[in-house]
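**Q** The numbering used here applies: residue 1 is where the sequence shown begins, and numbers increase by one.
To be clear, the hints were calculated from the coordinates, so they are not data collected in a lab. Just so you know, these numbers come straight off a predicted model, no measurement behind them. All clues stand as given, with none of them false.
DSS-like, lysine-lysine: derived pairs with alpha carbons at most 25 Å apart:
| # | residue 1 | residue 2 |
| --- | --- | --- |
| 1 | Lys412 | Lys292 |
| 2 | Lys132 | Lys203 |
| 3 | Lys541 | Lys475 |
| 4 | Lys292 | Lys549 |
| 5 | Lys541 | Lys292 |
| 6 | Lys541 | Lys284 |
| 7 | Lys441 | Lys322 |
| 8 | Lys541 | Lys322 |
| 9 | Lys340 | Lys444 |
| 10 | Lys108 | Lys284 |
| 11 | Lys412 | Lys441 |
| 12 | Lys509 | Lys555 |
| 13 | Lys287 | Lys541 |
| 14 | Lys555 | Lys576 |
| 15 | Lys475 | Lys555 |
| 16 | Lys555 | Lys541 |
| 17 | Lys322 | Lys292 |
| 18 | Lys115 | Lys203 |
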Amino acid sequence: MAYARYFMLLSVLLTILWVAIIYTYLRRIDNDLSRTDPSNSKSTEANRKYIISLVQPSSPLVALTSTAENDLSKDIFDEQLSPNKVPEVDLIKLAKVNDANEQEFLQKIFEDGLKKYAFNELLSQRIGPRRKIPDSRHHLCLNETYPDDLPLTSIIICYYNEAPSALIRMVNSILDRTPSNLIQEIILVDDSSDSESSVESLKIYAHENWSSDLVRMLRTEKNEGLIRARLFGAKHATGQVLVFLDSHCEVNERWLEPLLDRINANPQIVVCPVIDIIDSINFKYIKSPVCKGGMSWSMVFQWDYPVQSYFNDPHNYVAPLKSATMAGGLFAIDRDFFNKIGQYDSGMNVWGAENVEISIRIWLCGGQLEIIPCSRVGHIFRSRRPYGVGTESLNYNSLRAANVWLDEYIDKFYESKPNLRDVDYGDISERRAIREKLQCKPFKWFLENVYPELLSGNYPRQGEIRLFYWNSTSKYHIILRGTDLCLTGESNIDRIVHGGRAIVERCQKSARQQWWRWSKNGELRPMGSSNLCLDSLKDGKLFNTAIRKCLYSNKEPLSVVENRFCSVASEWDIRKIIFKDI
Numbered sequence: 001m002a003y004a005r006y007f008m009l010l011s012v013l014l015t016i017l018w019v020a021i022i023y024t025y026l027r028r029i030d031n032d033l034s035r036t037d038p039s040n041s042k043s044t045e046a047n048r049k050y051i052i053s054l055v056q057p058s059s060p061l062v063a064l065t066s067t068a069e070n071d072l073s074k075d076i077f078d079e080q081l082s083p084n085k086v087p088e089v090d091l092i093k094l095a096k097v098n099d100a101n102e103q104e105f106l107q108k109i110f111e112d113g114l115k116k117y118a119f120n121e122l123l124s125q126r127i128g129p130r131r132k133i134p135d136s137r138h139h140l141c142l143n144e145t146y147p148d149d150l151p152l153t154s155i156i157i158c159y160y161n162e163a164p165s166a167l168i169r170m171v172n173s174i175l176d177r178t179p180s181n182l183i184q185e186i187i188l189v190d191d192s193s194d195s196e197s198s199v200e201s202l203k204i205y206a207h208e209n210w211s212s213d214l215v216r217m218l219r220t221e222k223n224e225g226l227i228r229a230r231l232f233g234a235k236h237a238t239g240q241v242l243v244f245l246d247s248h249c250e251v252n253e254r255w256l257e258p259l260l261d262r263i264n265a266n267p268q269i270v271v272c273p274v275i276d277i278i279d280s281i282n283f284k285y286i287k288s289p290v291c292k293g294g295m296s297w298s299m300v301f302q303w304d305y306p307v308q309s310y311f312n313d314p315h316n317y318v319a320p321l322k323s324a325t326m327a328g329g330l331f332a333i334d335r336d337f338f339n340k341i342g343q344y345d346s347g348m349n350v351w352g353a354e355n356v357e358i359s360i361r362i363w364l365c366g367g368q369l370e371i372i373p374c375s376r377v378g379h380i381f382r383s384r385r386p387y388g389v390g391t392e393s394l395n396y397n398s399l400r401a402a403n404v405w406l407d408e409y410i411d412k413f414y415e416s417k418p419n420l421r422d423v424d425y426g427d428i429s430e431r432r433a434i435r436e437k438l439q440c441k442p443f444k445w446f447l448e449n450v451y452p453e454l455l456s457g458n459y460p461r462q463g464e465i466r467l468f469y470w471n472s473t474s475k476y477h478i479i480l481r482g483t484d485l486c487l488t489g490e491s492n493i494d495r496i497v498h499g500g501r502a503i504v505e506r507c508q509k510s511a512r513q514q515w516w517r518w519s520k521n522g523e524l525r526p527m528g529s530s531n532l533c534l535d536s537l538k539d540g541k542l543f544n545t546a547i548r549k550c551l552y553s554n555k556e557p558l559s560v561v562e563n564r565f566c567s568v569a570s571e572w573d574i575r576k577i578i579f580k581d582i
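Start from the sequences and build out the full structure, keeping to the hints where you can.
**A** Have a look at this one:
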């Protein structure tokens, strides 16, 4: 009986103890939640204000922070705003709208953002001020080492009416992925934006999160355009190296060190990163192939691909690649060399052709231009310029550049732009004086030593690989990798239709419209057609030389083949057709 009483007493005591433990645990959870509540943190509250203010800058502010499942505020809000943690971002989840009541409201915000910025600004602000992106470098880049005595850098970013969400995330990507001892300053040049709410949102975030000594915010007195805004930023820069970036980018891992390493070795080398793609709608980060810059006689930039054999040597995946021109938005240059060769042509207007002009000047006046494969920066590629087409300034600037640099080849320019023969291009005497002072080489040297591709029929030889395939009697299928679908020319009674589309159909040995041959020039041509040709590219991509993009197809019969960026194009297999089974 005594044992029973002791057992009951022990049970009561254990019950009281468990109740006390559970009560203490619940109180602790409650306290933790209170401490992490955004309303109790000055920094987090400032960031919440930043997100709310970005929802619809041109109209009364409305918070997106509701209890909807698609909302940013609950499950990823704190993680995104932590200055010591760069979050993984689920783009699919952020793009979802599960609340039907919000559908119309969010659709309006999406359309307004697309119209104003030419990208999905709604998703951009939902992603938040920082995110992780895939490391797109070749694995051999991970073995590269760089010296400790790299020069200090001024990073210059000019913008006009830019979406604060994109610009803030860009600056944070620089701060998160760049050694602080390499950054002298980040200079943000506001080229007199007229979107006051966007400017104010950026100022609030900068005040709460960035050191004003490190991130300097400047503003031009009037709207100058990209060229003169960059000159304004360079004038205020104090670093030994100037890095110019567009305002809607995200830098990748160890992006700066390989650029500075080349300039440190030779201050007359101007370097560019490989430009990865950030999709303007879904914000997916897409790895780009290593390309180099070219140009046309109209002074327009174009991407060129290295010859197929270039990457037979694995070292070339990390080695600097000489480039005739730069895309223009992203490059690094020694400040003294930039000043020596005449900076930008301040007589040019707004934007356009300045990248080709400075590229030619770099080569002809003692420097060289390189693409650095181990430096990668993502760039939002927009389908249009949200601030106007700018054709007038492009033509004006091209005229100035051509008349300074093309020498006896100036007629080539006017042949490509006959409507500009009688158009005024202003005073170029100062630019010609710089050329004379620096004793720059003639343009003929550029054609012979840097970019012979510009002359008709003078492309670099690529036959060493392709001629292996050539046989005038052999026929090949081009098969969409992983399928039984073949690249097919639209046909009428087995003859390829002039102007017809390329499609994919089930492979058939007897279908002439699916037969391809290798020409002596190393081109893939369909049987019975002299107008259509393709260039092969490493890793199974097919390059359309006419429009300088690669072929993409859905894996469905009768899908129309499209031309897309090569980094997102389909992979193909080329297989000789054996006819003995027919």
